[in-house]
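Visitor: If you want the building blocks of each chain, they are given just below.
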Amino acid sequence: MDSSEAEIDRLLRRSMAAPVPRLPPDFDLVLSRKLGRSSERPNRYGQILLAGYGVISAVASIAVMRGQGLGWGMVAAMTLGPLAMLEAARRLRRGSLLGRSTGRGLEAPE
Amino acid sequence: MDDDSQLVALAQGGDEQAFADLFRRHGDAVFRLALSILGQGFAAEAQDVVQEVFLKVYHALASFRGEAQVSSWIYRITFNQAVNSKALARHQRPHLAEAVLSRAAAAEPGPHAQAETAQRDRVLGECIQALPEVYQSALRLYYWLGASVGEAAVLLDVPENTAKSYLHRARQLLGGMLKERGF
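Chains A and B, in that order, give the protein sequences.
Residue 90, in our numbering, is where the first sequence stops; the numbers in between run on with no holes.
Residue 246, in our numbering, is where the second sequence stops; the numbers in between run on with no holes.
The following block holds chain A by itself, in its conformation from the complex (with noise of 0.2 Å):
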């Protein structure tokens, strides 16, 4: 370091020279609350928004199945037999995520 250099590095020490703010002790307590509100709002919306697409679709295709002449039995077995395998994927889903929670889904690091 030269002259002209230390000179400026004595500058900077004396002008920077202050307190050093920290993190209050409450902090992951708020970060926690606001992740909280943040994961549950599109999930409560995103929850409505299918539920209502669900009733909807489930009641005209009803409608048209029952118009065409198809038995109780066909309707029941064609409106929840796409729900069972909905509940099936979601339950595959679930698995493979608990299987990356133990490391085996995710790569290694360099």
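Since the hints were made in silico from the structure, they are not lab data.
Hints should not be assumed to be uniformly reliable.
To be verified - Which stretches of chain B does chain A cover? Using the computed rule of at least three CB atoms under 8 Å from a CB of chain A, they are:
#	segment
1	86 to 93
2	106 to 116
3	145 to 154
4	201 to 210
None of these values were measured; they are calculated from a predicted model.
Glycine included, each C-beta is placed from N, C-alpha and C at the ideal position.
Got chain A sorted already, so can you dock chain B onto it with the hints?
Guide: Below, chain B without anything else, positioned relative to chain A:
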């Protein structure tokens, strides 16, 4: 797999405690990095940056594949978030340097010396603001926040020699700028 990667893997599976641990490990470093970019007197804005960073990390956990170190990933998000917040923060409170000036001036003995110090500190502050962001951040980490060159390098996600050269180059540039302005 290191501890951070394990925590990320657990958090990806919905483990809230793992995410809390991730915050405990990196929260302070993220805050210091945000402060180093925003500058003195912007602690509240730096806290906002920390919140935004961890919200982004939380929502991006599913897409994290471990190509980079977890800490590097978090610090990169922090750097970008803080730089984005900086313009707004400084626009909202442009006269902050005055408080720093009065504090510095009070430490000098005579009124003439006080005025000279105040003027030099004001110009120095302006010169620092004109430096590239990484240089400013390196300077504040080292001179204000007391980080070692190694710590600054980790936070800026560069090798230690690069952090050292940031400091060297920043001091050289400041020397030139101050000379140009008659100091």
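Visitor: Check whether three or more residues of the segment 201 to 210 of chain B sit with their beta carbon closer than 8 Å to a beta carbon of chain A.
Guide: Three-residue rule met by the segment 201 to 210 of chain B, so holds; n is 6.
Visitor: Quick check: do three or more residues in the segment 86 to 93 of chain B have a beta carbon closer than 8 Å to a beta carbon of chain A?
Guide: holds (count 4)
Visitor: When I compare C-beta atoms, does the segment 145 to 154 of chain B have three or more residues closer than 8 Å to chain A?
Guide: violated (count 0)
Visitor: Between the segment 106 to 116 of chain B and chain A, see if three or more residues pass the 8 Å beta-carbon test, and mark the coverage as holds or violated.
Guide: holds (count 5)
Of the numbered hints stated above, the single one contradicted by the structure is hint 3.
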